[in-house]
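Chemist: Generate coordinates for the entire structure from the input sequences, incorporating the hints supplied.
Last residue of the sequence shown: number 403 in the working numbering, and the count goes up by one each step with no gaps.
Worth flagging that the hints you see were computed from the coordinates, not collected in a lab.
All of these numbers come straight from a predicted model, not from anything done at the bench.
Cβ pair distances, simulated, as ranges: (1) Tyr345 with Ala261: 17 to 27 Å; (2) Gln184 with Glu123: 28 to 38 Å; (3) Val147 with Gly209: 39 to 49 Å; (4) Gly402 with Arg17: 39 to 49 Å; (5) Lys64 with Ala11: 12 to 22 Å; (6) Glu123 with Lys268: 37 to 47 Å.
Backbone N, C-alpha and C fix where the C-beta goes; we use that ideal spot for every residue, glycine too.
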Amino acid sequence: MDMTFSNEDLAFRDEVRAFLEEAYTGDLREKVAISPTGYLDPETQRQWQQTLYRQGWAAPRWPKEYGGTGWTPTQNYIWENEMAAAGAPRLIGFGVRMCGPVIMQYGTPEQKSHYLPRILSFEDWWCQGYSEPGSGSDLASLGTRAVRHGDEYVVNGSKIWTTLAQHADWIFCLVRTSQEERRQDGISFLLIDMKTPGISVEPVLLIDGIPAGEHEVNQVFFEDVRVPVENRIGEEGRGWTYAKFLLEFERGGSHSAQLKAAIAKVKKIAASESSGGGRLIDDFDFRARLVRIEIKVSGVEANELRILSALSGGKRPGPESSLLKMRGSELTQAVTEMALEAVGYGAVPDDRDGLTFGSNIEPIGPDYAAVVAPKYFNYRKVSIYGGTNEIQRNIIAKHILGL
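Modeler: Spelled out as structure tokens, the structure:
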């Protein structure tokens, strides 16, 4: 495995850094710093994604024929690492990273020509309709029904944990179009306009304390929602195949750069907090636990580079993406826990003003304190979404270890 960056790759890294230096403004940095979820308000989020679109960098993993960058896997890796290291805004990946590749792989020419340009420009904001009440990790048991009537499906049911559905223009959904003996059969993949009559969105408020209106997840209800048959991706009843293809992209990606950036923030906090008459960062036990996390992050990075080498050879992410998702989510939770411990009692107040951009009210504690507890509680979810870590272990055992 040769992971030495070429001169061209190093020049590309410098180009990315120069772009971020100019485009990632002070206001954006402040908004990201006080966001417990990593997402921004809808208007700013659209502006950021359209900034990337104008730069030609909105879809790093897309081929050039669809408007993507055509970057090599190494360039993609550099891009993700530089974005994370800079603390740049979190992207809405449901369109570009998930639905887009499915349309490219399985969509009709008409679907590709209509949806892909709008995904690329972020003219359409997408959300994901997979999980349901009672059908989360056991996704094959989903019960949302789509009954065909002529040139339309009539959809009834609900989806839950739907991230930012209150802002979305479209949702891609797994629906049951027939009842088969094998539960994975009879599932279809539909694209649904969120403005269609019969769709309603209700907030799901989390323990992070973020109020309705600023919340992240929702439940989406479908009551006699009429969807054109032409909005189905691929063949009826083959949705499970398309869903598995999509999940490789949801679970993959780079974790190590984000984790390194988060650890650096913990160190900065610990250098400002006291413990036993000295700085917390100098406490032996605290440092030892932080170093153990750093060592594990180095292991994640090594696996990312190994997979990057395989991708450079033309391979797909495959089941190895489950390994990265599982380990990355565990370490993300561990780092947010260390941050909470470092802030200590300063994380106790529910400081709404400290999480409001442009507030002129003096924060209750240090400027970094208000976001720590909401982020800690919010990130309890990362070992659940995209398939729980228990499910990832089953995938690893079956498809990697052959157990």
